[in-house]
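Given only the sequences and the hints, what does the whole structure look like? Please build it.
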Amino acid sequence: MKAAVGILAVVALASVPLWLRDPYLMNALITTGIFIIGAMSLNLLLGFTGQLSLGHIAFFGIGAYVSALTSLGFDVGLPFGLRIVHIPWPPIAGFVLAIVVAGFCGYLVGLLSFRVRGAYFVIVTISFAEVVRLVALNWVELTQGPLALTNIPSITVGLPGLGDLTLRTKLQNYYLVLTVAVVTYLLISRLVHSHFGRSMRGLMENETLAVSVGIDVTRTLTLAAVISAGIAGAAGSLYAHYIRIIDPEVFAFINTVTMVIMVITGGKGSLAGPVVGGLIFGLLPVFLRPIMAPEAQWIAYGGVLIVILFILPRGIVPSLALRFAKPPKPIEARAPAAFTERDAKEHA
Amino acid sequence: MSQFLQHLINMLVLGGTYALLGIGLTLIFGIMNVVNFTHGVLYTFGAYIMFIVVHQLGVNFFLALPLAVVAGWLLGAAIELTLLRPLRGSDIDTTMLVMIGAWIAMQSGALWIWGGVAKSVTTPFPEAPLVLGPVSVSWLRLFVLASAAMLIVLTYLLINKTKLGGAMRATFQDRDTASLMGVNVDLIYTSTFAIGSSLAAAAGALLGPVYVIFPQMGDLAAVKAFAIVILGGLGNITGAVIGGFILALAEELGAGYVSSGYRDAMGFLIIIAVLIFKPTGLFARSERVG
Chain A
0 MKAAVGILAV
10 VALASVPLWL
20 RDPYLMNALI
30 TTGIFIIGAM
40 SLNLLLGFTG
50 QLSLGHIAFF
60 GIGAYVSALT
70 SLGFDVGLPF
80 GLRIVHIPWP
90 PIAGFVLAIV
100 VAGFCGYLVG
110 LLSFRVRGAY
120 FVIVTISFAE
130 VVRLVALNWV
140 ELTQGPLALT
150 NIPSITVGLP
160 GLGDLTLRTK
170 LQNYYLVLTV
180 AVVTYLLISR
190 LVHSHFGRSM
200 RGLMENETLA
210 VSVGIDVTRT
220 LTLAAVISAG
230 IAGAAGSLYA
240 HYIRIIDPEV
250 FAFINTVTMV
260 IMVITGGKGS
270 LAGPVVGGLI
280 FGLLPVFLRP
290 IMAPEAQWIA
300 YGGVLIVILF
310 ILPRGIVPSL
320 ALRFAKPPKP
330 IEARAPAAFT
340 ERDAKEHA
Chain B
0 MSQFLQHLIN
10 MLVLGGTYAL
20 LGIGLTLIFG
30 IMNVVNFTHG
40 VLYTFGAYIM
50 FIVVHQLGVN
60 FFLALPLAVV
70 AGWLLGAAIE
80 LTLLRPLRGS
90 DIDTTMLVMI
100 GAWIAMQSGA
110 LWIWGGVAKS
120 VTTPFPEAPL
130 VLGPVSVSWL
140 RLFVLASAAM
150 LIVLTYLLIN
160 KTKLGGAMRA
170 TFQDRDTASL
180 MGVNVDLIYT
190 STFAIGSSLA
200 AAAGALLGPV
210 YVIFPQMGDL
220 AAVKAFAIVI
230 LGGLGNITGA
240 VIGGFILALA
250 EELGAGYVSS
260 GYRDAMGFLI
270 IIAVLIFKPT
280 GLFARSERVG
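Top to bottom, those sequences are chains A and B.
If you number the first sequence the way numbering that gives the first Met the number 0 does, the last residue is 347 and the count never jumps.
If you number the second sequence the way numbering that gives the first Met the number 0 does, the last residue is 289 and the count never jumps.
The set of hints was computed from the structure by calculation and includes no laboratory data.
Just to be clear, a hint being listed does not mean it is correct.
Claimed, not checked - Using C-beta positions, here's what the derived DEER-type ranges look like: (1) B:Leu131 <-> A:Leu107: 42 to 48 Å; (2) A:Arg82 <-> B:Pro85: 24 to 30 Å; (3) B:Gly260 <-> A:Glu206: 16 to 22 Å; (4) B:Gln172 <-> A:Ile6: 55 to 61 Å; (5) A:Glu248 <-> B:Asn159: 43 to 49 Å; (6) A:Arg288 <-> B:Tyr256: 32 to 38 Å; (7) A:Val156 <-> B:Tyr256: 47 to 53 Å; (8) A:Glu248 <-> B:Val211: 17 to 23 Å; (9) B:Asp175 <-> A:Ser14: 41 to 47 Å; (10) A:Phe79 <-> B:Gly88: 55 to 61 Å; (11) B:Val211 <-> A:Arg116: 57 to 63 Å; (12) A:Glu204 <-> B:Pro85: 21 to 27 Å.
Stated by the list, open to error - Covered stretches of chain A, going by a simulated chain B footprint (3 or more residues, C-beta under 8 Å): (13) 24-30; (14) 122-131; (15) 245-259.
Predicted, not measured: the structure shown is a model, and the values here were computed from it.
Note that beta-carbon positions come from the ideal geometry of N, C-alpha and C, so glycine has one too.
What follows is the structure in structure tokens.
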């Protein structure tokens, strides 16, 4: 049943370019897709380990910059007379490196999360993102600072039997983003239903108990942070090669907030949540643009976030799932039993 | 050497307002356990109140500061009553996200109402700075420092010498016991949030005329306030004051001797360093006053 809905959704999304010709809407869909990948990665941390990372855009931006610099090449001086000269590599190498570097940064932040929790972790992640933004702004020799990295090449993929294909058009980028999004979804789905996923949920729901049954806190949280950051880095790389221009504004806090709103509205801790929330908030500007000034839109976003937290604190997808719930599968029934009870109370 | 002295003077002026910001946030964070993302908006709000009162209403500059404090108090109380009171007992993440929503809505509201163009406030102070040997400081900045010092002392007295302050400290130490002893915890929460907000508005009203006023000015201020709170320890007013001056010193020295582009990175680096090496803040728990 669930798989059928998933396949139907993917088929529907894959058919969009067949009947939608409007380039503005296609562009909105592609950037929305990229942000949904970012939101899915945020959900892995927020929804399944309970750690709220408000610096998530850092990993996205690091991925974007790493990928752009890898494919553009650079020549920077370091202290002590050292120089690093890098000759451009193909963008696909940038994509891989973006995942690796962002994942490594996730490892560093994940190590921190073992020392500081809750509000402190949130503030550390915000600080991390801001420091990265200031470095991107001020290390002009590497990043061009506010002048932005321009002319970032499009991604070229080698297709078996078709030779190399450079993804320049919106249509090609749409399918690239859709493919990466589906792969990400399946990857996260596998993860959260694995032993590792149960460890994560165990830690979120009752850390003391989880530790007592032998779950390794550091290892689990760090691994989750690494995977989450790596996926965000991949999304950033897609963004860089699609938009083809990157400046330090990519690290703006508001971008993290966008992802958080997507996850919270859709439903944290639900696999489809970030997708639903992402589609709503990614495409809402398209429909609001003719009737509302951008500032008024942001007022509405802030308002929606508050209203959702007040009336649907679990998010849209879990609330709908509860309403139309068939007898849940055993594993789903066992783990979140606590929250169905709580939810019943809220609805009463 | 004279350059260093000049940095010290600047540090004093900046540190005073940072301390105000920090005290406001540390009270809210410490007593209510709310990560207050609207703190920066209140700072912006205070600055705009200054602008409106001086330029659009034509009221005296010196009257504008108390008006900004009162306006901040009212807005803070309104936020607490509408958004935080219904969420009492929710987990810290939910209130934090609600505060983020409020912050975005209010900041965009400021952008909508006042536009993105930076505004400046004209002050009654003479252009020529006060020159003291090798260093100079403008009269406006001296006024900022004096006002901040006065507000810090008033807050200190409020927390430590009044009945309300005693109730706030009791709530901070143990909410349930304080409640059993007859403290109206709801009232304490609203007062705490209102006082904290009025201090943020005061900081904005003081620094607004020194720099320029624009809707996003509060973002950095908020993070700096967080840095100060973390530096000084949760709920520690003395810590927040010292933290404010430490942050100002780090920024002045960072801007003066490293690179001015990294001035604003100092707060973030301090946050990360303190949380890695001394997560409880620089001052021991026993020194916390309230």
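Verification of the supplied hints:
1. B:Leu131 <-> A:Leu107: 42 to 48 Å: Holds - the Cβ-Cβ distance for leucine 131 of chain B and leucine 107 of chain A, about 46 Å, lies within 42 to 48 Å.
2. A:Arg82 <-> B:Pro85: 24 to 30 Å: Roughly 59 Å apart at Cβ, these two residues miss the hinted range, so it is violated.
3. B:Gly260 <-> A:Glu206: 16 to 22 Å: violated, 41 Å
4. B:Gln172 <-> A:Ile6: 55 to 61 Å: Since glutamine 172 of chain B and isoleucine 6 of chain A have Cβ atoms about 57 Å apart, the given range 55 to 61 Å holds.
5. A:Glu248 <-> B:Asn159: 43 to 49 Å: holds, 45 Å
6. A:Arg288 <-> B:Tyr256: 32 to 38 Å: violated, 47 Å
7. A:Val156 <-> B:Tyr256: 47 to 53 Å: holds, 49 Å
8. A:Glu248 <-> B:Val211: 17 to 23 Å: holds, 20 Å
9. B:Asp175 <-> A:Ser14: 41 to 47 Å: Violated - the Cβ-Cβ distance for aspartate 175 of chain B and serine 14 of chain A, about 58 Å, lies outside 41 to 47 Å.
10. A:Phe79 <-> B:Gly88: 55 to 61 Å: holds, 57 Å
11. B:Val211 <-> A:Arg116: 57 to 63 Å: violated, 38 Å
12. A:Glu204 <-> B:Pro85: 21 to 27 Å: Taking Cβ atoms as reference, glutamate 204 of chain A and proline 85 of chain B lie about 25 Å apart, which means the hint holds.
13. 24-30: violated (count 0)
14. 122-131: holds (count 7)
15. 245-259: holds (count 4)
The structure is inconsistent with the numbered hints 2, 3, 6, 9, 11 and 13, although it conforms to all the rest.
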